[in-house]
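Let's have the full structure, built from the sequences with the hints guiding it.
Number of protein chains: 2
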Amino acid sequence: MALQPVARRSVPDEVFDQIIDDVVSGEFAPGESLPSERKLAEVLGVSRPAVREALQRVAQAGLVEVRQGDATTVRDFRRHASLDLLPRLLLPRGELDPGVARSVLEARLLIGPKVAALAAERAGARIGGALRESVTALEVDDDPVARQRHALVFWDHIVDGADSIVFRLMFNSLRASYEPALAALAHMMEAEVGQFEVYRALADAIVAGNAEGARRAAEDLLAPATNALLDAIKRLEEMS
Amino acid sequence: MALQPVARRSVPDEVFDQIIDDVVSGEFAPGESLPSERKLAEVLGVSRPAVREALQRVAQAGLVEVRQGDATTVRDFRRHASLDLLPRLLLPRGELDPGVARSVLEARLLIGPKVAALAAERAGARIGGALRESVTALEVDDDPVARQRHALVFWDHIVDGADSIVFRLMFNSLRASYEPALAALAHMMEAEVGQFEVYRALADAIVAGNAEGARRAAEDLLAPATNALLDAIKRLEEMS
DNA sequence: ATCCATTGGTGGTATGACCACTTGACCTCT
DNA sequence: AGAGGTCAAGTGGTCATACCACCAATGGAT
Chain B
867 MALQPVARRS
877 VPDEVFDQII
887 DDVVSGEFAP
897 GESLPSERKL
907 AEVLGVSRPA
917 VREALQRVAQ
927 AGLVEVRQGD
937 ATTVRDFRRH
947 ASLDLLPRLL
957 LPRGELDPGV
967 ARSVLEARLL
977 IGPKVAALAA
987 ERAGARIGGA
997 LRESVTALEV
1007 DDDPVARQRH
1017 ALVFWDHIVD
1027 GADSIVFRLM
1037 FNSLRASYEP
1047 ALAALAHMME
1057 AEVGQFEVYR
1067 ALADAIVAGN
1077 AEGARRAAED
1087 LLAPATNALL
1097 DAIKRLEEMS
Chain Z
867 MALQPVARRS
877 VPDEVFDQII
887 DDVVSGEFAP
897 GESLPSERKL
907 AEVLGVSRPA
917 VREALQRVAQ
927 AGLVEVRQGD
937 ATTVRDFRRH
947 ASLDLLPRLL
957 LPRGELDPGV
967 ARSVLEARLL
977 IGPKVAALAA
987 ERAGARIGGA
997 LRESVTALEV
1007 DDDPVARQRH
1017 ALVFWDHIVD
1027 GADSIVFRLM
1037 FNSLRASYEP
1047 ALAALAHMME
1057 AEVGQFEVYR
1067 ALADAIVAGN
1077 AEGARRAAED
1087 LLAPATNALL
1097 DAIKRLEEMS
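Keeping their order, the protein sequence lines are chains B and Z.
The first sequence begins at 867 in our numbering and counts up by one.
The second sequence begins at 867 in our numbering and counts up by one.
In short, the hints are calculated from the structure, not lab data.
You can take every hint at face value.
Same chains, same label: a pair holds when it works inside one copy or across any pair of copies.
Derived lysine to any residue pairs resembling SDA-like cross-links, with alpha carbons at most 25 Å apart:
(1) Lys1100 to Ala1077
(2) Lys905 to Asp942
(3) Lys905 to Val877
(4) Lys905 to Ser876
Set out below in structure tokens:
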């Protein structure tokens, strides 16, 4: 196994994670008050500035509301969190959450084709070189995990071409959620990342400025794995 | 004018905003190094813990990378930021950025109908009461700004019904971007939020579990204002 | 030329003090 | 009783300072 950079987690990072996990798991329920900063610092055995740093970051993520002079209260993260929270929701306790995975797949299948169409309209041949390069890398490499990475780069170029900041930011978040699960999904995504012809067709349609063709090619590319995974998830949910 | 809660900005908040603005505006270019925490504290006339708090939050937003022992460097926010950044991109210096606005509208027009269809499939009559209530509120109130708020609540229920956490989180971010611009958009959105019949048709389709009907009703609802605004933006961009 | 210890600068952490604010209890005047 | 004011306790906000851990460049030893 490849050597990994040692995880060097700072104290505030650690506190941040603990609080987020407690909120997401419902241990701290919405409306409830968090212990005071001093109390938390004492309980966790760290300094108050460390707790503060963590708490402010949790607040920025929308999970708690901190008001001077009053206790910090938990908010409903489903209502106030952003896509930043997705990685934690997708892989709580290291296990893939089926409902969240379904949701990610739905979003991917909706947005992918749209972004491809926009890229065809707005970038066309300008990103042709980058796209072909990615497809070639995809073909040459035969490791499933590496192929997924190449596919991500491929899509990254398309998103660039779409020239739409909202989709770009969405893609960033989805990628951040996807990457930690990448190895776990290698097997299930193998079929998708092996469809070189479809990748090429998509690239060609974009280069040709053919928006509708790009949309359809993207659907052809994404739909099979999406549906297969959705079925798998459904079976998984029925079992439990 | 209605009384507003006084904005009480903390020191770290202030520092946070300044750094974000400098990064987004390109004053701190990607790859560049930020001044050290001590230097920043001195220049800004605040304590180092305050700077740290701000810096860590900026790092969490993906705009900078901080490594112990080395300088903090600026990252390409287009590549690493999440939707959290959208409000700042949409309204830099208080003015609406046309390109970003276009992007938001595109995303809205894509996601709205999909979410409506999902809500029809998954919630159906369960959210009927809430939807009808929102439409009624929309009809009764004749202030354009208030109507936009009612429309947001209406969509909030639909997103709930769609039962898809990714769309939920996306909606949260889009709403957060939209709300500050709400008053500025009141005039342009007046036509949309006045279409009570279409809101009712959408609600009915969802209650009936008619996914395709809901999708179409949502498109009917969103498309006119979207296209009108996109045209306005295009003219704006051509002028400048 | 290579190696490696040193050093200076950077972020990481802790302490303790004090300020600003909110809340609720209590007290007082009407 | 009720309205208003006062006050104390607890919470987050801010600061100054000292020291630890880490990285990178320097420059001498081999």
